[in-house]
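Respectively, the protein sequence lines represent chains R and X.
Our numbering applies: residue 1 is where the first sequence begins, and numbers increase by one.
Our numbering applies: residue 1 is where the second sequence begins, and numbers increase by one.
Read the hints as simulated data drawn from the structure, not as lab findings.
What you are looking at is a predicted structure, and each value in this text was computed from that prediction instead of being measured.
You may find that some hints are simply not true.
Covered by chain R, according to a simulated footprint, are these stretches of chain X (three or more residues, beta-carbon under 8 Å) [said to hold, decoys possible]: (1) 60 to 72; (2) 77 to 85; (3) 185 to 199.
In silico negatives: residues of chain X with every beta carbon more than 12 Å from chain R [to be verified]: (4) Glu31; (5) Gly55; (6) Thr152; (7) Glu181; (8) Arg209; (9) Pro213; (10) Glu221.
Note that beta-carbon positions come from the ideal geometry of N, C-alpha and C, so glycine has one too.
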Amino acid sequence: MKTMPTLREKKRYLAFKIISEETINRRELTGELLDSICLLFGDTGASEINPSLMSYDGRYGILRCQKDRTSETRAALACINKVRGGRVSIMVLGISGTVKGAMEKFIQQRLVKEPEPDKELQEHLNH
Amino acid sequence: MPLFNAKFFDLMVHLPDDKGSLAQFVSAADEFGYSGIAALDLKYNGTDMDQLPSGFSLFSAVEVSGKPSRLRDEIKKYKDTGDILITRGRDEEVIRAALETQRLDILLQPVKFNNVLSKLASDNSIALGFNIGSIIHTRGDDRIMELRTMRTNLKYARKYELQMVLTCEPYSPYDFRSPREAAALAGLFGMRPKEAVDAMSSVPLDIIRKKSPEYIQEGIEII
Numbered sequence: 001m002k003t004m005p006t007l008r009e010k011k012r013y014l015a016f017k018i019i020s021e022e023t024i025n026r027r028e029l030t031g032e033l034l035d036s037i038c039l040l041f042g043d044t045g046a047s048e049i050n051p052s053l054m055s056y057d058g059r060y061g062i063l064r065c066q067k068d069r070t071s072e073t074r075a076a077l078a079c080i081n082k083v084r085g086g087r088v089s090i091m092v093l094g095i096s097g098t099v100k101g102a103m104e105k106f107i108q109q110r111l112v113k114e115p116e117p118d119k120e121l122q123e124h125l126n127h
Numbered sequence: 001m002p003l004f005n006a007k008f009f010d011l012m013v014h015l016p017d018d019k020g021s022l023a024q025f026v027s028a029a030d031e032f033g034y035s036g037i038a039a040l041d042l043k044y045n046g047t048d049m050d051q052l053p054s055g056f057s058l059f060s061a062v063e064v065s066g067k068p069s070r071l072r073d074e075i076k077k078y079k080d081t082g083d084i085l086i087t088r089g090r091d092e093e094v095i096r097a098a099l100e101t102q103r104l105d106i107l108l109q110p111v112k113f114n115n116v117l118s119k120l121a122s123d124n125s126i127a128l129g130f131n132i133g134s135i136i137h138t139r140g141d142d143r144i145m146e147l148r149t150m151r152t153n154l155k156y157a158r159k160y161e162l163q164m165v166l167t168c169e170p171y172s173p174y175d176f177r178s179p180r181e182a183a184a185l186a187g188l189f190g191m192r193p194k195e196a197v198d199a200m201s202s203v204p205l206d207i208i209r210k211k212s213p214e215y216i217q218e219g220i221e222i223i
């Protein structure tokens, strides 16, 4: 049965970018994220934040959290500094009220700005 | 005006010895939204200051340490070099000796800070540093201690109206965190977003202004 619209909890979607030495898979990131939140805010805090990784492609991702817990989620993301022994840094690109908004405003715009690695290499070789 | 629409600075960056590292640090800081960094011992490791992105500033900082008697001489040695002088506050005697000299700029994360030391810092216009990196890189008991220290220091900083400085203290380009993340981390020990933004923008700018050759004293300028 669906939750009544008035009782539905408001969400926020954080678009983020991972800067890491090695590629991190979805499972490792989810585990590290939950660890970080639980260590910082405990189990009660984690249940209030209610984090969920909506999408992740190895570099960019979207994380869902409760509307009034965005600051805590940011702090927990900032505390992730190592995954599988490799150094990691997570940069939040922006926060949106919808997955579509987060994707279009923060991730797709960045992808358009960044040149494709193959093209960049080709140009470099031509010169 | 939005709160985070300012120029942000990190005044305590540790550069490794290899020469290519500066470019990596600068590009990481630029990507994370910083307008400038102060690197420790920048002038002394032969780095090239010309290869910087437009609008990005690079400053030199020095971490002064040692016994209380030597610390005063060290600070005097660097007073006219234009370097930003930073002391780490581990020992109470060292903190006192550092705060008694007027030329110190930042006292970073003092462990045993009290009202007497706060008054000294206030009289000599020394900013109190908060190291966000210690929250990121420690876990468990160590992090609890760090957060407790920062919470206490924040109380003294508010009571004695001390200037506050936030730094990630990066040892590698992966240690940078964007200003919004730094403010969120500062919120963990009770710092308000406005205070955090000032600690990364207006206070570092004020310290940099005081270090410029044109600066003589507060309220005096050459016309």
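Quick check: which numbered hints come out false for this structure?
-> 1, 2, 4, 7
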